[in-house]
Each structure stands twice: as structure tokens, then as C-alpha cells.
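Undergrad: Residue numbers (the working numbering), protein chains in the order written: chain A, 5 to 131; chain B, 5 to 131; chain C, 1116 to 1214; chain D, 1116 to 1214; chain E, 44 to 173; chain F, 44 to 173.
Since the hints were derived computationally from the structure, they do not count as laboratory data. Note that CB positions come from ideal geometry on N, CA and C, so glycine has one too. Be aware that one or more of the hints could be misleading.
[What the hints assert, rightly or not] Pair by pair, the computed Cβ-Cβ distance ranges are:
| # | chain 1 | residue 1 | chain 2 | residue 2 | range |
| --- | --- | --- | --- | --- | --- |
| 1 | E | K73 | C | D1190 | 26 to 36 Å |
| 2 | B | K16 | E | D142 | 40 to 50 Å |
| 3 | B | E111 | A | Y84 | 19 to 29 Å |
| 4 | D | Q1164 | B | A103 | 21 to 31 Å |
[What the hints assert, rightly or not] Here are some chain C residues pointing at chain D (derived, C-beta under 8 Å):
| # | residue |
| --- | --- |
| 5 | E1126 |
| 6 | R1128 |
| 7 | H1207 |
[Claimed, not checked] Here are the simulated DSS-like pairs of lysine-lysine, each with C-alpha atoms no more than 27 Å apart in a straight line:
| # | chain 1 | residue 1 | chain 2 | residue 2 |
| --- | --- | --- | --- | --- |
| 8 | D | K1135 | B | K67 |
| 9 | E | K73 | A | K67 |
| 10 | A | K62 | C | K1176 |
| 11 | F | K137 | E | K141 |
| 12 | F | K73 | F | K105 |
| 13 | F | K73 | A | K15 |
| 14 | B | K88 | C | K1135 |
| 15 | B | K16 | C | K1135 |
| 16 | F | K137 | D | K1176 |
| 17 | E | K105 | E | K141 |
| 18 | B | K16 | E | K45 |
| 19 | E | K45 | B | K15 |
| 20 | B | K67 | F | K137 |
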Amino acid sequence: MTEESAGGIAKKFLYVNRRAPYGSIYGLESLEVVLIGAAFEQDVSLAFLGDGVFQLTKGQDTKGLEVKNFSPTFRALEDYDVTKLYVEKEALEARGLSAADLVVPVEVVSAQRMAEIMEAQDVILSF
Amino acid sequence: MTEESAGGIAKKFLYVNRRAPYGSIYGLESLEVVLIGAAFEQDVSLAFLGDGVFQLTKGQDTKGLEVKNFSPTFRALEDYDVTKLYVEKEALEARGLSAADLVVPVEVVSAQRMAEIMEAQDVILSF
Amino acid sequence: MLHTVNKSPFEHRALETCLKFARQGAAVLLIEDGVYAAARDTAVAEQVQEALKTVSIYALKPDVEARGMQNRVMDGVRLVDYGGFVDLVVEHNAVQSWL
Amino acid sequence: MLHTVNKSPFEHRALETCLKFARQGAAVLLIEDGVYAAARDTAVAEQVQEALKTVSIYALKPDVEARGMQNRVMDGVRLVDYGGFVDLVVEHNAVQSWL
Amino acid sequence: MKFGILVNEGPYTHEASDTAYQFVRAALAKGHQIYRVFFYHDGVNNGTRLTVPPQDDRNIVKRWSELAAEHKLDLVVCIAAAQRRGLMDAAEAKRNGKDAHNLAPGFRISGLGQLIEAGIQADRLVVFGD
Amino acid sequence: MKFGILVNEGPYTHEASDTAYQFVRAALAKGHQIYRVFFYHDGVNNGTRLTVPPQDDRNIVKRWSELAAEHKLDLVVCIAAAQRRGLMDAAEAKRNGKDAHNLAPGFRISGLGQLIEAGIQADRLVVFGD
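Same shape as in the complex, but just chain A (with noise of 0.2 Å):
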């Protein structure tokens, strides 16, 4: 297995965002530490609730804020092997979006599956 060849027994990790992007930059220091830990070969997943959902969404134009736009990051996700992307039915709902808003694919799960998620995991990063 890919986690002992490392040297251990894989751990899971879950990122929980829950900040829209841009107003704050905890989305984008958020996916920093996704990327870097990516390499750590361990069972990572990415959850998105409440206005966390919001840092996937298409038709990101940030030229106007001069900041970077960093949506386009997550779709590198894949060539780092984090696959599990979980979106909170309820946000998406809420904000009027569907999964069809977002810039990659992602698993949209009740507040129970979710909960059910948060629950199996080691480690959890809530930014």
C-alpha cells in the first residue's frame, strides 16, 4: 500500500471550508495546506459547508479586485490524487447553486451523510 511504503500507517484527513472566498483569505490558505500535504500520501478529503461552497463556483472574474482567482486550483486537485470532494446539499440549496455551478466534480451529500464523513475521520483542518 501506498500509505505504509511512506513509512506509516496513512491517517485521514479532512479539510472543512466554511468561508466564502476573496472576503477573507482563509479558502486560499486553506488549498495551500491541501497541495503541500498532498505529497504526505495520506486519505485525505475536502469538505465544503455553508459559504465554503461558494470558493467552487464558475465565472470567477477577479481582475477587478486584483487579487488572483484561485478556483482554477481546484481542478490540479486531481493530479495530486484528492479526489473526495464533499459539498453540503443544503448549502448548495440555500445559495440558490447546483452542482453544475461548480468548477470540478464533486459529490453532493445530505447534513447526515456528512455528518456520518466528519465522524470517520483523524485529523480535521477547519479553516
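Following the hints, put chains B, C, D, E and F in place on chain A, whose structure we already have.
TA: Just chains B, C, D, E and F now, with coordinates in the frame of chain A:
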């Protein structure tokens, strides 16, 4: 008039407090502005909306946090001729509080009245 | 009077509080994460539409675009750029920032 | 699993979100401005009482005292000091901080 | 018209400093005056010259400094807030026995009275924060 | 038990750094180990030696430094977050051509890998922030 003796026309300053104490420093640092500002002999009012009312509650004991309890300082405001303290009625009620729970005498006002007070200001400092 | 709101209406009560204190004829400018309140078909859209009956609501265009919302802004909310923000401040006697 | 909530339930939706994801048997520790949720007779008290049927709720005593709430904590919410916070972390497999 | 500006958050973490900067630039472009920009709370962190942002990102501190130089802006960092957070100029470093200082060009450190004065002298005071 | 600690906010503005400090002290008092305290986002500002808090207030940076010395704590400031916000040690200052540095005793600057490693090595990771 005091204002003219200070060499100018007094402006109406409103300090809007909407944050609970200790969870963040905004309440304390806002009060520091009020104290310094008192020397400028303007027409000063303080508004406590939402969680801002928590700044004024009696019985604060910060020993366990090892931070300074700044609530007694509100009692000193009178010495600085800062006497117009307005508290949002609905905010108190939602938090299970009444004027008797506060460290200083205040005027408890409706949202409607508070809106009128805000409209009458020249400068609004919000923290 | 001009009110600015910079918080998402889905996580904070800043917009709700602002609308409680914004009087007839006031202007509300949504900036930063506050612009999410300008989107159609959300859980807060009805509240914003109701508010439009008594106050003018603006949203800061660069913030709207950064969040990919340019095609989802509800009717009645007017977009302004930073220059328009400046004009709104000039036109009103005072500004209350609902941080 | 242990959940911590550090935001006031009157201004933010952090507690509401936490309670949505806290499963039967989980523990919720209120810290910092989150302790306001532990008070009796508030607009959110009923929501907290309802949650007490399925999860354990704790509040950090130094934060409760700093806010002058020592006599207003509702029945069923248990107070812990920093050592108790540490024990709660030890007793649960993981911690989710609802920031 | 004369504007006073209050910035309550530091660079990068919250959008406040960006919005304030764009507002100031737009106001200047329209021929308005900026009486003063006052940095309070974490806003004082906008005044450090020790930031090294990524190459592909904006340099928030530097562009404040440059805007100040170009338009003779008065950028004031609150001394009390700065002391709590580790911002100081050479004089403050000397007074407090510190071996380094970090204030960026174009900023000066002064008291809260400068904020009140901005409220009095400016036609409008606009607050940016979190 | 071994704890990893993540601190996401700076000193004074939010309570996060206070709570984290009290948690760490309580854990040590109970005989637990602190594998690492990692400072990210504005949390890096806990690592500046240039703060001068009021006499009657706690000195947040100093007490982190002292606790580190007493218990050999590993206090790590994230390099990427630090560069954005103006935190640097002597080596970083030299590399970036800066004329000053401000890292406090007991802190070291390193990469985000140190946070992941803390997640892997510690029995529990606890996050403090705003």
C-alpha cells in the same frame, strides 16, 4: 458654547458597538477611542446593538482568562461627559437581559428610535 | 444615509441587522462577501426583495465579478464600481459600516 | 466526536451549523463568544435545549465567568475549565472546530 | 470633498484593506481629497515593511506606500494598537528598547486623536473592517 | 497523549491565541505532550518580538516564548503566511534583502508540511481561530 470655545463647530459622533467583549478586542479598543475622543468636545453618543449589549453586562470576572475586565470603565464615561448611551431594546430581550443587568444607566430604545438616532449623526465609527 | 454590508447573509446577521435599522429612502451598498445577498433564488433573496420596496440596494461590481455572480444579480439591485461607491458616499450625509 | 463553537449564536450561524452536523452522542464544547449559547431565557435557548436531548453540551467556565454569565447557565449544560477541555479532547477521537 | 478613512484589518487576511485602497484610489481619481487614512485594530499591520508577498500577488503594503508618495497621503498607524501588535518606527523601537523596527515608508505612528480629528475635519468618514 | 495545536489568529484581536495558550498549559499540567504548535493565517503574528502591550495586560508573545523555553515546545510559524504578513527571522531577512527581522525567541519559521506532520504524529489536532 463649549463646542465653539474649542475652536470649531461640534459634530455629532456615534460609536456603534456590535461585538461581544473578550472574544475579540473591538469592544475594548472602541472604548479607548471614546475616551480619547472625549477631549475633543464633540457631541458624542454610544450605541449598543446586537452582541454589543454584552459589553455592558454586570458580573464580568476575567481572572480565569487573565485579561483585563474593561466593563468598569463604562462607569467612568460620565466623568468625560459622555452620557448618551443607547441600547437596542430587541437586542437585550433576545439575550435574556434588561437594563437592570447593565453596569451603567442607559437609554433602552426601539429599533425605530435607534434608526432615527443614527440618521442624525455626522460621523459614525463602527467596530 | 448610506449603509455598507460586507458579510455573507448566509453566515452572519449583519445584513438582517442593517435592514432593521435602514430607514425609508436609505441606501445599502453590498461589498465584499456582502454581495452574495444580491443573488437571485437564494434563501435570503425574498428578504432582500422585500427591502427593495423601501431602500435602494447597490452591489459592488468588482466583488460581484470576483465571486462569479455577474449573471445572477436580482432585478432592482444596481451594480456600481469603486467610483460609484465614492459617489454614494458623497451623496449621503453619513456612512454606517455593518462590519 | 468533539465539536467546539467559539461564535455568538446571536450574530453567526456557527452553532446552528454545528448542531446540524453533530450526531447522536457527540459532545459540543462552547468556548469564547460561543458560551452565550449556554444562557437561559434567550432567543436561542430553546434550540440549545432541544440539542441537549441528543448531544452533550459543555461550556468553558473561564469564558462564562468573563462574560458575567455564571448565574445564567441553563440546566443540562456542564461547565469545564481548561483541564476539562483537555479531557474532552482526550475522550473523543477527533475535534471539529466550528470557527 | 474631503474623506477620512478608517482601516480596521490587516493585509491579506480580510478584504478590508483592499477595498479601502480601491476606494481611496477611486476618490482621488474623481478629484476628491483624502484627509487621512487611519489604521486601527489589526489594520496597523498594513504598515509593516517586512512583508514579502508571492510574486503573482499584489503587494498591499507597497501600494499604500506608493499611493501615499504620489498623492501626499497621510497614513497614520495608531500607536496603542501598534504596540500591542508589534508595529514600530525607529523612535518607538529606541524608546521601548527594541532592537528592530518595521514601519513602512509613507506611514507614521500617532495617537487616536488623529482619528477623531479626521472625523471632525473630513466631510465623510468611511470605515473598512471585518 | 500527544497534542498538535493550530493557531489561526494573531495576538489580542481575537481570543484564539489566549485559548490555545491556556489549553496547552492545561494539557502540560496533566502530563500530556505537545508535539507542536503551528501558527497559520494571522496566527503568525503571535511570533513577533516587537510587541509592547500595556503594563496591566498579559504579554501574549512573551508567555508563548517562556512556555516554549520551559517545556521545550516546538512553536512553528508558517513561512508562506509569515511572508505575506511581515514576520521573519534573520535568515529570511537576509534572503529577502530586508533590513530587519522580528521573530521572537522560541519560535521558528518553517513550511506547511510541519502542520501535516503534526496531524500525523499527534494523537489529536486541535484548531483555534476566528
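Undergrad: Now tell me, hint by hint, if it's right for this structure.
TA: Outcome of the hint check:
no.: 1; hint: K73/E / D1190/C: 26 to 36 Å; in the structure: 28 Å, holds
no.: 2; hint: K16/B / D142/E: 40 to 50 Å; in the structure: 46 Å, holds
no.: 3; hint: E111/B / Y84/A: 19 to 29 Å; in the structure: 59 Å, violated
no.: 4; hint: Q1164/D / A103/B: 21 to 31 Å; in the structure: 26 Å, holds
no.: 5; hint: E1126; in the structure: 5 Å, holds
no.: 6; hint: R1128; in the structure: 5 Å, holds
no.: 7; hint: H1207; in the structure: 25 Å, violated
no.: 8; hint: K1135/D / K67/B; in the structure: 34 Å, violated
no.: 9; hint: K73/E / K67/A; in the structure: 21 Å, holds
no.: 10; hint: K62/A / K1176/C; in the structure: 17 Å, holds
no.: 11; hint: K137/F / K141/E; in the structure: 19 Å, holds
no.: 12; hint: K73/F / K105/F; in the structure: 23 Å, holds
no.: 13; hint: K73/F / K15/A; in the structure: 26 Å, holds
no.: 14; hint: K88/B / K1135/C; in the structure: 21 Å, holds
no.: 15; hint: K16/B / K1135/C; in the structure: 22 Å, holds
no.: 16; hint: K137/F / K1176/D; in the structure: 46 Å, violated
no.: 17; hint: K105/E / K141/E; in the structure: 24 Å, holds
no.: 18; hint: K16/B / K45/E; in the structure: 17 Å, holds
no.: 19; hint: K45/E / K15/B; in the structure: 15 Å, holds
no.: 20; hint: K67/B / K137/F; in the structure: 42 Å, violated
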